[in-house]
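Asker: Sequence:
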Amino acid sequence: MAFNLDRFKFDAQGLIPAIIQDSRTNEVLMLAYMNKEALAKTLTSGQTWFYSRSRQRLWHKGETSGNIQEVDEVYFDCDADALLIKVRQHGAACHEGYKSCFHYRIEPDGRVALVGQPAFDPADVYGDRRPPAQLPPKKEPEERPVCICSSSILEEVFDVVLDRKRNRPPGAYTTYLFDKGLDTILRKVSEEAMEVILAAKNHRHEEVVKEAADLVYHLLVLLAAEGVGLHEVFEELRQRRK
Numbered sequence: 552m553a554f555n556l557d558r559f560k561f562d563a564q565g566l567i568p569a570i571i572q573d574s575r576t577n578e579v580l581m582l583a584y585m586n587k588e589a590l591a592k593t594l595t596s597g598q599t600w601f602y603s604r605s606r607q608r609l610w611h612k613g614e615t616s617g618n619i620q621e622v623d624e625v626y627f628d629c630d631a632d633a634l635l636i637k638v639r640q641h642g643a644a645c646h647e648g649y650k651s652c653f654h655y656r657i658e659p660d661g662r663v664a665l666v667g668q669p670a671f672d673p674a675d676v677y678g679d680r681r682p683p684a685q686l687p688p689k690k691e692p693e694e695r696p697v698c699i700c701s702s703s704i705l706e707e708v709f710d711v712v713l714d715r716k717r718n719r720p721p722g723a724y725t726t727y728l729f730d731k732g733l734d735t736i737l738r739k740v741s742e743e744a745m746e747v748i749l750a751a752k753n754h755r756h757e758e759v760v761k762e763a764a765d766l767v768y769h770l771l772v773l774l775a776a777e778g779v780g781l782h783e784v785f786e787e788l789r790q791r792r793k
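Quick note: the sequence shown uses the working numbering, first residue 552, plus one each step.
Simulated from the structure, these hints should not be mistaken for lab results.
Wrong hints could be hidden among the right ones.
Straight-line Cα separation of at most 27 Å, DSS-like style, residue types lysine-lysine; simulated pairs [as the list claims (entries may be wrong)]: (1) K716 to K731; (2) K560 to K592; (3) K587 to K560; (4) K761 to K716; (5) K637 to K560.
FRET-style restraints, in silico, Cβ to Cβ [to be verified]: (6) D675 to K560: 33 to 41 Å; (7) D714 to N753: 45 to 53 Å; (8) A723 to F559: 39 to 47 Å; (9) H782 to E757: 28 to 36 Å; (10) D714 to E614: 14 to 22 Å; (11) D675 to H782: 44 to 52 Å; (12) Y724 to R604: 42 to 50 Å; (13) F554 to L749: 54 to 62 Å; (14) K560 to R738: 32 to 40 Å; (15) Y626 to H754: 49 to 57 Å; (16) E757 to A563: 16 to 24 Å; (17) R717 to Y626: 24 to 32 Å; (18) P568 to D714: 27 to 35 Å.
All values reported here derive from a predicted model rather than from experimental measurement.
Note that beta-carbon positions come from the ideal geometry of N, C-alpha and C, so glycine has one too.
Sequences and hints are given; from them, build the entire structure.
Answerer: Take a look at the structure:
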């Protein structure tokens, strides 16, 4: 079956909705709109382009933030009036700094919960143009920040590790590990595991946090070195959950 852009059913404004999904985790990242030109540029460039209804122009995802989306697969539904695009997300997809735009969850009691942690501060990237009602409330200095656990930071760090493996930028510590090879990586994993044990043995909370982060990082390097995907580990954990 030959492909032709004319087969798609664009709406009265010449647009078609596109659902963007992480090709590794299947997490839904965002919903945006494409016109025929944006779809054509997405297919030819290998990165996502959209049409902004508010700005009335084409925009390249990541043009300001650098958080581009590399296209892996493009699907359309049976009516040819909606797209599903699977991508490799660099950084965060949402302009509010989160991995996915769908980071608000409605709880059974009607409350709205914010899920995940932002990967960047929108004010640093775009400038904070939100009206005061939409700005997060200021916290008292002594208030301890609330951390809502998310796998997105692991995915983001793993993306950096994979990039270091591919491109080997000089001077990067991760490049050094890959250049030295598996034995060096294994030794570092062993050393960091022992550091975690010693910190826990001495009940040193801050050291446990820092050493655990070191261990997780070196473990990600090991996964990359062995060609193991982070999604494979997530799936194994999911299957073990009871």
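Asker: Using the beta carbons of F554 and L749, state whether their distance is inside 54 to 62 Å or not.
Answerer: For F554 and L749 the Cβ distance comes to about 59 Å; the hint holds.
Asker: Is 27 to 35 Å right for how far apart the beta carbons of P568 and D714 are?
Answerer: holds (31 Å)
Asker: Does the Cβ-Cβ separation between Y626 and H754 fall within 49 to 57 Å?
Answerer: Given range 49 to 57 Å: holds, Cβ gap about 52 Å.
Asker: Assuming the hint says 14 to 22 Å, is it satisfied by the Cβ distance from D714 to E614 or not?
Answerer: Since D714 and E614 have Cβ atoms about 19 Å apart, the given range 14 to 22 Å holds.
Asker: Mind checking the alpha carbons of K716 and K731 for me, to see if they're no more than 27 Å apart?
Answerer: Holds - the C-alpha atoms of K731 and K716 are around 12 Å apart, at most 27 Å.
Asker: At the C-beta level, are K560 and R738 separated by a distance inside 32 to 40 Å?
Answerer: violated (58 Å)
Asker: Does the beta carbon distance between D714 and N753 stay inside 45 to 53 Å, or does it fall outside?
Answerer: The hint (45 to 53 Å, Cβ to Cβ) is violated, given that D714 and N753 are roughly 36 Å apart.
Asker: Need the status of pair K761, K716: alpha-carbon distance at most 27 Å?
Answerer: Holds. K761 to K716 sits at ~24 Å (cutoff 27 Å).
Asker: Holds or violated: 24 to 32 Å for the Cβ distance of R717 and Y626?
Answerer: The hint (24 to 32 Å, Cβ to Cβ) holds, given that R717 and Y626 are roughly 27 Å apart.
Asker: Confirm or reject the claim that Y724 and R604 have a C-beta distance inside 42 to 50 Å.
Answerer: With Cβ atoms ~44 Å apart, the hint holds.
Asker: At the C-beta level, are E757 and A563 separated by a distance inside 16 to 24 Å?
Answerer: At roughly 58 Å between Cβ atoms, A563 and E757 fall outside 16 to 24 Å, so the hint is violated.
Asker: Could you grab the alpha-carbon distance between K560 and K592 and see if it respects the 27 Å cut-off?
Answerer: holds (18 Å)
Violated hints, listed in ascending order, are 7, 11, 14 and 16; each of the other numbered hints is respected by the structure.
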